[in-house]
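Build the full structure now, drawing on both the sequences and the hints.
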Amino acid sequence: MVAAPLALLVALTAAMLWEGGAPVSPVRHLFLVPGVWAALTAGAQAGAFVGVMAGFLQAPLVLPAIERVGLTGGALDGLVSLVTPAILGAVAGHVRDQAFAGARRLDALLEIQRRLAADAPLASRLDAVVDVVRDCLGARAVGLVVGSPEGAPAVASAPRGAALAPGSAAAWCLASGQGMRSRDLAGDPRVALADDSSPAPVRAMALPLDAGGGSRGVLAVEWRGEVPEATARAGTEMALHLALGVENARLTLRQRRFAAELEEKVAAATQRLRDIDRAKSEFISVVSHELRTPITALEGFSELLLSRPVSPKHARRFLGHIHAESRRLGRIVTELLDLSRIEVGVAPVLRRERVDLAAHVERQVELFAGVHGGHRFHWQADSALPPLDADPDALDRILQNLLSNAVKYSPRGGEVHVRARPGPGGFVELAVEDQGVGIAAEALPRVFDKYVRIANPETASVRGLGLGLSLVRALAEAHGGRIEVSSQPGKGSCFRLLLPAREGISPDIPAI
Amino acid sequence: MDLLTAPFEATRRHAAPPVWRPFVAVSAAMLAVVGAGRFLVERGGALANLGVALEGAGVHGGFIAQGLVIALAGQGAWVGSALRIAAVLMAGFLLGRLAPWGALLLAAAPLVLLHEGRRHPRLSRIGALTPVRPASLAIGLAVGAFLGAHLLITASLTFGYGVSVVGVGVYAAAVAYDVGANALSAEWLFRGALFSHWWRHWGFWGAAATSTGLSLVRYLLDPALPHTAEARAGAIFYLAALGVATSVLRAWSGSLLPGYCASVAFFAAYRTLVVW
Chain A
146 MVAAPLALLV ALTAAMLWEG GAPVSPVRHL FLVPGVWAAL TAGAQAGAFV GVMAGFLQAP
206 LVLPAIERVG LTGGALDGLV SLVTPAILGA VAGHVRDQAF AGARRLDALL EIQRRLAADA
266 PLASRLDAVV DVVRDCLGAR AVGLVVGSPE GAPAVASAPR GAALAPGSAA AWCLASGQGM
326 RSRDLAGDPR VALADDSSPA PVRAMALPLD AGGGSRGVLA VEWRGEVPEA TARAGTEMAL
386 HLALGVENAR LTLRQRRFAA ELEEKVAAAT QRLRDIDRAK SEFISVVSHE LRTPITALEG
446 FSELLLSRPV SPKHARRFLG HIHAESRRLG RIVTELLDLS RIEVGVAPVL RRERVDLAAH
506 VERQVELFAG VHGGHRFHWQ ADSALPPLDA DPDALDRILQ NLLSNAVKYS PRGGEVHVRA
566 RPGPGGFVEL AVEDQGVGIA AEALPRVFDK YVRIANPETA SVRGLGLGLS LVRALAEAHG
626 GRIEVSSQPG KGSCFRLLLP AREGISPDIP AI
Chain B
2 MDLLTAPFEA TRRHAAPPVW RPFVAVSAAM LAVVGAGRFL VERGGALANL GVALEGAGVH
62 GGFIAQGLVI ALAGQGAWVG SALRIAAVLM AGFLLGRLAP WGALLLAAAP LVLLHEGRRH
122 PRLSRIGALT PVRPASLAIG LAVGAFLGAH LLITASLTFG YGVSVVGVGV YAAAVAYDVG
182 ANALSAEWLF RGALFSHWWR HWGFWGAAAT STGLSLVRYL LDPALPHTAE ARAGAIFYLA
242 ALGVATSVLR AWSGSLLPGY CASVAFFAAY RTLVVW
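In the order they appear, the protein sequences are chains A and B. Position 204 of the first sequence, counted from 1, bears residue number 349 in our numbering, the numbering being contiguous throughout. Position 164 of the second sequence, counted from 1, bears residue number 165 in our numbering, the numbering being contiguous throughout.
Hints should not be assumed to be uniformly reliable.
To be verified - DEER-style ranges, computed between Cβ atoms: (1) B:Val25 with A:Ala148: 27 to 33 Å; (2) A:Gly283 with B:Val245: 21 to 27 Å; (3) B:Val164 with A:Pro373: 49 to 55 Å; (4) A:Leu267 with B:Phe238: 56 to 62 Å; (5) A:Pro266 with B:Trp203: 54 to 60 Å; (6) B:Ala230 with A:Asp222: 46 to 52 Å; (7) A:Ala297 with B:Leu84: 33 to 39 Å; (8) B:Ile237 with A:Pro373: 28 to 34 Å.
Claimed, not checked - Rough simulated footprint, nothing fancy, chain B against chain A, three-plus residues with beta-carbon under 8 Å: (9) 386-393; (10) 452-462; (11) 495-507.
Stated by the list, open to error - If you want the ones that stay clear, here's a sample from chain B, every Cβ over 10 Å from chain A, calculated: (12) Met2; (13) Glu10; (14) Arg13; (15) Val34; (16) Gly75; (17) Arg123; (18) Ile127; (19) Thr131; (20) Gly168; (21) Tyr172; (22) Arg201; (23) Leu222; (24) Pro227.
These are computed hints drawn from the structure, not numbers from a lab. Here the structure is a predicted model, which means the values were calculated and not measured. Backbone N, C-alpha and C define an ideal beta-carbon position, used for all residues, glycine too.
Laid out in structure tokens, this is it:
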């Protein structure tokens, strides 16, 4: 790289000699050119070297003149000409080196950011980064540790293959969050080297990767021989940028994970909305059908009564049908009204009073047993059952829904067990257990949702709006209780209603 | 990579090796031997040759012994190595007094030092055992030859000094002195021990300037240097240039050999200079 400037120097010396070797020859100014040339093409060291050589080559021409005529102005000019090329070469080279180093450092920093953000495994990203750092800093070796000392930190090194030893300087730096510098590893008492016979000093530094949020790792760099201060500063800058890059990569990873989770949740919510939409459509169809049936009966029987003379016996029978269907229509409308209240987030209005649960349940069970003779009902109540502070009508509707479901989804001849006993934490537990078709495990979380009727070919003919259990849950929660379900497909289901006992009855009843 | 693998203890402090005691002992012995030699020379007679040999072996053997003490941190069997190299130097100087070609024995000193270096692996820290490429040696020789040639041209053009080889035997003896004593002891102590030590602590320029300054002092105190002002100015300039150049060669190559070659080449040229 300096051969051409040196050749020019020799040519200039020859030209100066040919011209007569005068120390103040105009050619002497051209001696600046090779030094600047070398400086701009190869840096400060080359510039200074060629400049020194220019001084050496001029010296045999300048010094004899000084010896002959003494230190005159011309001789002084000649002396200045001896040192100027070296100074200019060094300065120009230094400026050039600084500019090149700045540009190279900037390139390296951008490259580091790019490599860190690449969509590649962490190990290969770190390998790429240590190569960039090593090239930019002109280091003998570079190590990069990312992670915490508690976990298994990722380690990359150039040259490849170095692992992180627990008691090493990098491990200490990672654990303490402090940096470490050494002017010579071989002479550093803190470091126990296996081989300290290096003929040149090994400058080293281990810096924590800390962008302000705590140490995320360590950058370790080793140089052989001289390290310009600017290079050491560049290492520090790179540690900071690496910290930012690692932090960014961590945040990006977290963001990607969050986005994936969000996507999953949105998909689930969308699916749920679709299910609800479909359930609503089915609900409207069912409601229409449920309303149409009693209305048709009402129309038919009232038309019969109006259109022709009917005997009192038949008239009474028809009026009985009309009354039953009216009641049924009323129940449906009540349920729809309750539903609309739940829809808008209004809790059902309760008229609380002291309720003897055992008596209440017993009456409902007897009523159901009377109507549904095909099923066998078993009722069992604990003798220490405390009274409830509840709305008796709401309690009736809860029981009717649970018992009705138990009957509807059990085969004829099936048994329905109803048990009441003190529950945990001051609650009273009422369990309704059937031997019906049961509910699949994946459908269990949805049985209390509105409009939901679990698809099952065995129960396709069962009529219902899909509102009963959601109403039960709303009423239980309005009482400060809850409803739970366990089921085994083909064996039956068990609904457990937990309601708080009347306050003051039991000291350990929590306020709900 | 040492930072990732070598054991590290943040609070461990350096236990300073007792370098100064052996260094002072060597310096005292060196002065004693040189003083004894001077005494014998001034007394004259048959033992004058022994006095000259004692002076030469005392100075250069002392420098090499000081370098050994520093390089080995005052530990190890440096005494035996120092005595062996001093014995070779003594023999070389003595034979050189008896016959011009006898001084060629001094040329064996680098080989003895190389042999001693192999016995102490720690000496590789000063570049004594570093493998070196032939190109590095050639560059070292070229640097020394350039400085030597420049000295001859400048001195002859400026002061009219002559350039000649008075006799082959005398010239060979002078070059053997440089090979086995002058350049060897200077490079061993100033570039090998001192520059290498300070380079690790102060950086290149601090180490190069200090070690070169000390070597300049050594040459300016040398009674063999011509006493004219221009000779002393020239010595300062060229020995400073040589010192910086050999420091650069030491740092660049990791070895003492290129700088040693440069010194030998420079002094080989210098031996042809005839100061009127």
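Given the range 54 to 60 Å, decide if the beta-carbon distance of Pro266 of chain A to Trp203 of chain B lies inside it.
-> 44 Å Cβ-Cβ, so the 54 to 60 Å window is violated.
CB-CB spacing for Ala148 of chain A and Val25 of chain B relative to the 27 to 33 Å hint = violated (49 Å)
Taking the minimum C-beta separation from Leu222 of chain B to chain A, is that value above 10 Å?
-> holds (26 Å)
Is the Cβ of Met2 of chain B more than 10 Å away from each Cβ in chain A?
-> With a cut-off of 10 Å, Met2 of chain B comes too close to chain A, as the shortest Cβ separation is near 4 Å.
Cβ separation check - Gly168 of chain B to all of chain A, threshold 10 Å = Holds: least Cβ distance 28 Å, greater than 10 Å.
Please confirm whether Gly75 of chain B is truly not at the interface, meaning its C-beta sits more than 10 Å away from all C-beta atoms of chain A.
-> holds (15 Å)
With respect to the beta-carbon atoms only, verify the hint that Ala230 of chain B and Asp222 of chain A lie 46 to 52 Å apart.
-> violated (23 Å)
Lying within 49 to 55 Å: is that true of the beta-carbon distance Val164 of chain B to Pro373 of chain A?
-> violated (42 Å)
For Glu10 of chain B, is the shortest beta carbon distance to chain A beyond 10 Å?
-> violated (6 Å)
Is it the case that Thr131 of chain B keeps its Cβ farther than 10 Å from each residue Cβ in chain A?
-> violated (5 Å)
Against chain A, does Arg201 of chain B keep a CB gap of more than 10 Å to every residue?
-> violated (4 Å)
Lying within 33 to 39 Å: is that true of the beta-carbon distance Ala297 of chain A to Leu84 of chain B?
-> At roughly 57 Å between Cβ atoms, Leu84 of chain B and Ala297 of chain A fall outside 33 to 39 Å, so the hint is violated.
Comparing the model with each numbered hint stated earlier shows that hints 1, 3, 5, 6, 7, 9, 10, 11, 12, 13, 14, 17, 18, 19, 22 do not hold.
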